[in-house]
Each structure stands twice: as structure tokens, then as C-alpha cells.
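**Student:** Kindly produce the complete structure, drawing on both the sequences and the hints.
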Amino acid sequence: MHELSLVVNLFELLETKAKEEKIKRITLVRLRCGVFSGVVPECFQTAFDIYKKETIASEAELILDIVPVRFQCRHCGQEASQDDLPLLCPRCGSGNVTILDGTELTLVSLEAEV
Amino acid sequence: MSRREITVLEDLLGSNKKIAAAVRNLLESRGTLAINLMSSPGSGKTSLIEKIIESLHPQHRLAVIEGDIETELDAARIRAKGVAAWQITTGGACHLEAKMMARVIGEIPAETEFLFIENVGNLVCPASYDLGETLRWVLLSVTEGEDKPKKYPKAFLTSQSLIITKIDLLSHLNFDLERVKREAKEINPNLSILATSAKTGEGISAVIQLLLNQRQKLLSRHA
Numbered sequence: 091m092h093e094l095s096l097v098v099n100l101f102e103l104l105e106t107k108a109k110e111e112k113i114k115r116i117t118l119v120r121l122r123c124g125v126f127s128g129v130v131p132e133c134f135q136t137a138f139d140i141y142k143k144e145t146i147a148s149e150a151e152l153i154l155d156i157v158p159v160r161f162q163c164r165h166c167g168q169e170a171s172q173d174d175l176p177l178l179c180p181r182c183g184s185g186n187v188t189i190l191d192g193t194e195l196t197l198v199s200l201e202a203e204v
Numbered sequence: 016m017s018r019r020e021i022t023v024l025e026d027l028l029g030s031n032k033k034i035a036a037a038v039r040n041l042l043e044s045r046g047t048l049a050i051n052l053m054s055s056p057g058s059g060k061t062s063l064i065e066k067i068i069e070s071l072h073p074q075h076r077l078a079v080i081e082g083d084i085e086t087e088l089d090a091a092r093i094r095a096k097g098v099a100a101w102q103i104t105t106g107g108a109c110h111l112e113a114k115m116m117a118r119v120i121g122e123i124p125a126e127t128e129f130l131f132i133e134n135v136g137n138l139v140c141p142a143s144y145d146l147g148e149t150l151r152w153v154l155l156s157v158t159e160g161e162d163k164p165k166k167y168p169k170a171f172l173t174s175q176s177l178i179i180t181k182i183d184l185l186s187h188l189n190f191d192l193e194r195v196k197r198e199a200k201e202i203n204p205n206l207s208i209l210a211t212s213a214k215t216g217e218g219i220s221a222v223i224q225l226l227l228n229q230r231q232k233l234l235s236r237h238a
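Chains as they are written, first to last, in the numbering used here: chain Z, 91 to 204; chain P, 16 to 238.
These aren't lab readings, by the way, just hints derived from the structure by calculation. Take the hints with a grain of salt, since some may be wrong.
No more than 30 Å apart at the CA atoms, straight line, and that leaves these computed lysine-lysine pairs for DSSO-like [claimed, not checked]:
{"id": "1", "chain 1": "P", "residue 1": "K214", "chain 2": "P", "residue 2": "K33"}
{"id": "2", "chain 1": "P", "residue 1": "K33", "chain 2": "Z", "residue 2": "K107"}
{"id": "3", "chain 1": "Z", "residue 1": "K112", "chain 2": "P", "residue 2": "K114"}
{"id": "4", "chain 1": "Z", "residue 1": "K143", "chain 2": "P", "residue 2": "K32"}
{"id": "5", "chain 1": "Z", "residue 1": "K109", "chain 2": "P", "residue 2": "K200"}
{"id": "6", "chain 1": "Z", "residue 1": "K112", "chain 2": "P", "residue 2": "K32"}
{"id": "7", "chain 1": "P", "residue 1": "K200", "chain 2": "P", "residue 2": "K166"}
{"id": "8", "chain 1": "P", "residue 1": "K200", "chain 2": "P", "residue 2": "K232"}
{"id": "9", "chain 1": "Z", "residue 1": "K109", "chain 2": "P", "residue 2": "K114"}
{"id": "10", "chain 1": "P", "residue 1": "K196", "chain 2": "P", "residue 2": "K214"}
{"id": "11", "chain 1": "Z", "residue 1": "K143", "chain 2": "P", "residue 2": "K33"}
{"id": "12", "chain 1": "P", "residue 1": "K200", "chain 2": "P", "residue 2": "K214"}
{"id": "13", "chain 1": "P", "residue 1": "K114", "chain 2": "Z", "residue 2": "K143"}
{"id": "14", "chain 1": "P", "residue 1": "K33", "chain 2": "Z", "residue 2": "K112"}
{"id": "15", "chain 1": "P", "residue 1": "K114", "chain 2": "Z", "residue 2": "K107"}
{"id": "16", "chain 1": "P", "residue 1": "K32", "chain 2": "P", "residue 2": "K200"}
{"id": "17", "chain 1": "P", "residue 1": "K32", "chain 2": "P", "residue 2": "K114"}
{"id": "18", "chain 1": "P", "residue 1": "K32", "chain 2": "Z", "residue 2": "K109"}
{"id": "19", "chain 1": "Z", "residue 1": "K143", "chain 2": "Z", "residue 2": "K109"}
{"id": "20", "chain 1": "P", "residue 1": "K32", "chain 2": "Z", "residue 2": "K107"}
**Tutor:** Pasting the structure below:
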């Protein structure tokens, strides 16, 4: 349960952005959340709803866009997408792969009243 | 008042990654091999470090950072072996973060050859936080059951080595060592796997050899 730590990081980013852009109120926060980010979306949502009170984003809606895992086989070069482990190349069956996408947790954008 | 959309594109772990990179740069430039040890509570991280100390201290310079939610108990165990230890108590947090490392890193002697970072006992959250280590080891004790690599894949996916511990207990358990090795390799084919017992000393010499080899690699990378 490290989602609350991540939400604290999120609000640090939001507050920095709010100062830079002279934002009065944040109404929507959009994140990309990889399937392998280690984040449980429901826990993140709960932590967000608890933490947002008395902040600039007190009424903000949270959108988590879930990103599937994308990987490339180191053996034959095939790229593929998958939601569960083990990651196996669909062409040659090798498990020796490089993960390209799906581990990220990124603040993509926000909507605000300025 | 007007509404607008602002694009940000910032990694939520970006600040952790930046601090971790700075920690890694500092340690590696000094020739310090840092190992982040992750596992469930009670799988034998401190006992493994104690056993390593018995082999490497005082011929090699060692230091240990102990991460726990509360108490200095683990640091006291390490100091009792004659090795310097720094205790980080997270006060509730279930993992170490790079900024906690940054607070103690200034006190770690520059001539340290091996720095062991014992993470908070937890097989989930520590896997998401780079601490600036060169190596990441995941420990699994035979009493925990064979299903852990599949249940907690991220710790196994992001580690270079799996250290199976307490193998002196194998004769009392229905623990399928080969199955664990196979399933851990399915998740991470590059994982090196060592089976050990801190009680009997079995397998510890392979751990020491791995450490010495990895430090040589680090030194030749920075030569």
C-alpha cells in the first residue's frame, strides 16, 4: 500500500503546476497507469479522494487510463502486448524480453479554472 | 474565470528516480557496490547479511543501511558484528525511498566496498522504488511457499538475483525447490538463483563469489 505516498507526490506536482500557471482550482486530473506500475487503481483512487480535501483539487475528478504492457523479444525482435505474466514472445516463445511500456505512472494533464 | 486543459507529462516517481540516479552515481564512482535486499518480513535478510559479514569482514569494507518501520534492532545486530550500520525508520511507510537514502548517504565512508540496503520487509511496494542500488536481490524463505514469484511478480521481475533462504528446513516441508526456480525464471529469465542457509552456511560461498564478481564488474565499468 504505497499508493498514498504516490498521491503525495502527485499533489506536489499539482501544487507546483498550479503556481506556475496561476490556477485557482483543479477540476480534473488525468494519469496514465501501467498494468505493471505496481499501483492498484482502486487504492490510488481512495488515497486521492482522502488527500484532495482542503487542497486546490478538492473537487477534482481523477481519471486513470490503464496502459497494457508492451514488450519486445530480445531473441527475434517481435513486439507484443499482454496483461499478465509470464511475458512470452508470441512468435518464438522466448521469455527473454524487454518491457517497453506499461510500468509507468504519469501525470498526463489536468483541467483547471484560471 | 475560464477553464483550460494543461498538459504536464510528469512521472510520479520522477523525483525518486532523479535522487536515485544521483545516489547511484556517487556510490559507483567511489567503487561502492550497493545491494538492495527485498523480501517479506522474516525471510532472513538480516541473517544473510550477518553471514556475509562473517565471510567478508574485516578484509573488505562493509556498511549496512537498515530500513524498518520502527526500532533500531536490526542495526544493533549488524553493529554487534563490528560493521557500521545506519538505521532508517520510516515511521509507518512500507518501503524505503531514494530521498531517505539521500539523508544518510553523506555519512557512508567513501572507501566502502559493499553497501547492503535492507529494505522494509514487504514483497510489494519496495519493488517500485529505485534506491540508487547497483544490484537488487529478492529473498524467499522456503517456509513462505512456492507460489510467491507468481503472486508478487514485480519484486522478481526487477531483481537480478533470487536468494532462496532457510534451505536447512527443506526436509521438514513440502517445498518444491525446482518448481520455484522454474516459475521465477518464467517471470524473469535473467534471474540468477542461489539456495542458502544462514544456519548451516550452505550456499553462502556462492553468494560471496557473486558479490566479489559483481564488484569487479562495477570497477571495470568505471575504470
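**Student:** Would you pick out the hints that fail for this structure and give their numbers low to high?
**Tutor:** Per hint list: 1, 5 violated.
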